[in-house]
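There are 2 protein chains.
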Amino acid sequence: MTSLLIRNARPMGAAPADILIRDGRIAAIGPDLQAEGVAEEQAGGRIAIPGLVDTHTHVDKGLIGYPWYVNEVGPRLIDKIDNERRVKRELGLDPHVQSMRHVLQCLGYGTTLVRTHVDIDTDQGLAALEGVVETRHALAGQVEIEIVAFPQSGLLRRPGTVELVDAAMSAGADLVGGLDPCGMDRDPKGHLDAIFAIAEKHGKGIDIHLHEGGEMGAFSMDLIFERIRAHDMRGKVAVSHAFCLGMPDWNASQALIDQCAELDVPILTTAPPSREVPALKRLHAAGVRFGAGVDGFRDTWGPYGNGDMLERAMLLGMRNNLRRDDEVAMALDVCTTGGARAMDRADHALVPGGRGDVVLAEGESLADAVVSHAPRALVVTAGRVVARNGASLTVAP
Amino acid sequence: MTSLLIRNARPMGAAPADILIRDGRIAAIGPDLQAEGVAEEQAGGRIAIPGLVDTHTHVDKGLIGYPWYVNEVGPRLIDKIDNERRVKRELGLDPHVQSMRHVLQCLGYGTTLVRTHVDIDTDQGLAALEGVVETRHALAGQVEIEIVAFPQSGLLRRPGTVELVDAAMSAGADLVGGLDPCGMDRDPKGHLDAIFAIAEKHGKGIDIHLHEGGEMGAFSMDLIFERIRAHDMRGKVAVSHAFCLGMPDWNASQALIDQCAELDVPILTTAPPSREVPALKRLHAAGVRFGAGVDGFRDTWGPYGNGDMLERAMLLGMRNNLRRDDEVAMALDVCTTGGARAMDRADHALVPGGRGDVVLAEGESLADAVVSHAPRALVVTAGRVVARNGASLTVAP
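Top to bottom, those sequences are chains P and H. Everything in the first sequence is counted per the UniProt record's numbering, starting at 1 for the first residue and increasing by one. Everything in the second sequence is counted per the UniProt record's numbering, starting at 1 for the first residue and increasing by one.
Mixed in with the good hints there might be a few duds.
Since the list gives no way to pick out one identical chain from another, each pair is judged satisfied if it fits inside one copy or across any two copies.
To be verified - Below are the DMTMM-like pairs computed for lysine to aspartate or glutamate, each with C-alpha atoms no more than 25 Å apart in a straight line:
1. LYS80 - ASP325
2. LYS80 - GLU364
3. LYS281 - GLU72
4. LYS80 - ASP326
5. LYS281 - ASP79
No wet-lab data here; the hints were simulated from the structure. Since the model is a prediction, treat every value here as computed from it, not as a measurement.
The shape of chain P in the complex, shown without the other chains (with noise of 0.2 Å):
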């Protein structure tokens, strides 16, 4: 927790102002602060936004520092997950090593807060838990990360993988991951049963990810609503990509999402422009949480994205439309302000009281600098000085 006095910056593209940060939280934003003895940074007039925040990405298992993976995958998904299983074998990839680097290239880019989804699987049991688990420990004070125990090459297909998934829970994680009731296990009910069951038993969150769409992922979901209610877990039961969301069939929509607010269950995407995708203003318009996320990157799964949450906004704003300024500056709130709060964080914002967390980005306009989103001069947690020009301070192992 720190203190740190940024001169001549311009909160989120408004008139140049300072940004003065105390014991790790902002005091106070205006022209000419005083502030003895605080360390000063210059910002040169750049925009200052808060720390970017990346609610869904996979760091335990991109392999950054390794050759180009030329992809020759098959098309399904269970294709990707098992040449990945695969993969991670062969080269023997040490998820805190490559945690390290896939968190550090992102802390580069201005992400300060992040949730993981890490794989447990009967291959490597826990180890990847327990890689990243180092790695946040590492990083502390530097990136916040919240652990996701992701069941990704299924729960119930590979016997033993719930035990894990309930070891994960005191072993570290934050919250049970699920994975495709229907479409991967074929069996949403034992599926979801066994995750609400984990969840309830160690008083955790949960986050699923949910690329069934249409009628098949509103069944999902609807399933998923009844054991929110059931469980009594309103608030605590977030749902990554949501594809179903985004069905053309109104009705069928809108009823999905109206319950999403009822229950109060966030939606994290990672806005593919290739999806039928939750659409920002609607839910939005029905008050409900969203963040955004660059999933994984550099990984064998496909070759896009690089850890960039302004590239994200940039993407999202796309995928949506979103034309005017204002409008971009919903995508980039989404991006930072908007995801913490998916995350339970109220505090992440560019105003006093809110969290040190500040990135100065290049730009003319709040909207140039998503568009451009070109290396950040300076990346600032919690009142220390964590990136510069695009860069950790942490080199990566």
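Fit chain H to the known structure of chain P by using the hints.
Frame of chain P; chain H shown alone:
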């Protein structure tokens, strides 16, 4: 028409080789080429690709060099069109200066062949065309510019525009443009009859903007097909955007695609993430020529884009869910050789005999070059070095 020997490049990401350009054409690709008296460039192992091809942009009305345009425009197409005409008038935008800035920025990214739609309307008459024709002369030998006379404000709704488009065809335009025959002019027969009459009179081709989706777009496509048959214009009429080819009804959209193949109608996309779009593999399978473009950028329409066709290849890949390396290469092909073919250039390829347009891109692999789209080290047009390190050698006004 110059000669140049590029040493130690990786053509299309393959093993290192030299590339010899003689008199503007690729003479040889191979190891340790010898060429007395020919200038040399060191590629340093970078990936060599053909010149990028932008088949759909608007060079005459971007705001490069002006302060950031704060977009507060209304949601309808006509809001954007009327707003743009007003802004151009108020700023006194110089189409020659703006098109120089636009094209040179794109050239810095490696675009050596461009098709641009240039506004023809009763406000500015042929001024935009004249400015772009001047730019075409000024940049001859560096970038090839094909001009579409584009009735952006409608052809029939503003009397006098038909005559202006007709005049444009004698003043340097290469193709007749059109725009949403139903949605814009509210008179599809009148709009299309007028366009085809001008094209026939001047013996030129056509490139129509068709944003109309679903059944309305299918109707307009049908009217276009009828006139291609009636005027015997197979291979001479391209359709830009063509969102209706992405309509969910497979039978309806396939019937349109099959006719595009039969009548050799090139489809030119900007791959917007927010709209239904023609699918790359589907058009390939049908044998339809397919190009891509950056559309307008840094203008009054929206904030996205910068003119980089490698970024566009990434967006095209993401929009089409192309994840395998061989699939990403397909997206890049649409942005180079395939796009050129859609513009009737059969010789735009990195092969002996091909046009000597070469771009050096950063990356471990071809897919990496697309996804990273880092600044280009070198751009060569017909053997002449025209850009280095992301910037054109000719300085924009």
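Discussion item. Checking an output row: LYS281 and ASP79, CA cutoff 25 Å. Within, between, both or neither?
Written reply: Between copies only: 20 Å across, 34 Å inside.
Worksheet item: What label fits LYS80 with ASP325 when the C-alpha limit is 25 Å: within, between, both, or neither?
Response: Result: close only across copies, 14 Å inter versus 38 Å intra.
Worksheet item: Is it within, between, both or neither when you check LYS80 against GLU364 at 25 Å Cα-Cα?
Response: between (41 Å within a copy, 22 Å between copies)
Practice prompt. Classify it for me, LYS80 with ASP326: is the Cα-Cα distance of at most 25 Å met within a copy, between copies, both or neither?
Written response: This pair counts as between: shortest inter-copy Cα distance 16 Å, intra-copy 38 Å.
Fill in: Identical-chain pair category, LYS281 with GLU72, by Cα at 25 Å
between (37 Å within a copy, 17 Å between copies)
In the structure shown, no violation is registered for any of the earlier numbered hints.
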